[in-house]
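Using the sequences and the accompanying hints, generate a full structural model.
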Amino acid sequence: MSDVSGLDPGSSHLLVTQRAIRHYIDTKVDAREQKWQEELTGTVNAFAMDQAPVGWLPCDGRAID
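If you're matching positions, the sequence shown starts at 1 in our numbering and goes up one per residue.
Any given hint might turn out to be false.
As the list claims (entries may be wrong) - Quick list of the computed label-pair ranges, beta carbon to beta carbon:
| hint | residue 1 | residue 2 | range |
| --- | --- | --- | --- |
| 1 | Arg19 | Gly55 | 55 to 61 angstroms |
| 2 | Trp56 | Glu33 | 28 to 34 angstroms |
| 3 | Glu38 | Val16 | 29 to 35 angstroms |
| 4 | Val54 | His23 | 48 to 54 angstroms |
Simulated from the structure, these hints should not be mistaken for laboratory data.
We put the beta carbon where it would ideally sit given N, CA and C, even for glycine.
In structure tokens, the structure reads:
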């Protein structure tokens with residue numbers, strides 16, 4: 001691992017490294033968020049049905065007091 005403490009903050013090498021790290025982190029975060037959204041959507045879709053499954057009571061959409 002090289003020491004970057006002596007590099008000028010405006011150095012092109014340092015900027016390229018910072019961009020690469022940001023891109024890597026953003027890609028990981030985006031992938032994790034997309035997976036979470038897919039899991040959430042799958043969970044919600046499981047309950048979005050026109051008819052209740054066999055053995056379930058039908059729901060008229062009103063809350064129970």
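Going through the hints against the structure:
The supplied range of 55 to 61 angstroms is met by Arg19 and Gly55, whose beta-carbon atoms lie about 56 angstroms from each other. The hinted window of 28 to 34 angstroms between Trp56 and Glu33 holds, with their beta carbons roughly 32 angstroms apart. In this structure the hint that Glu38 and Val16 lie 29 to 35 angstroms apart at CB holds, the actual value being about 33 angstroms. Taking the beta carbon of each, Val54 and His23 are about 50 angstroms apart, inside 48 to 54 angstroms as hinted.
Checked against the numbered hints given earlier, the structure satisfies every one of them.
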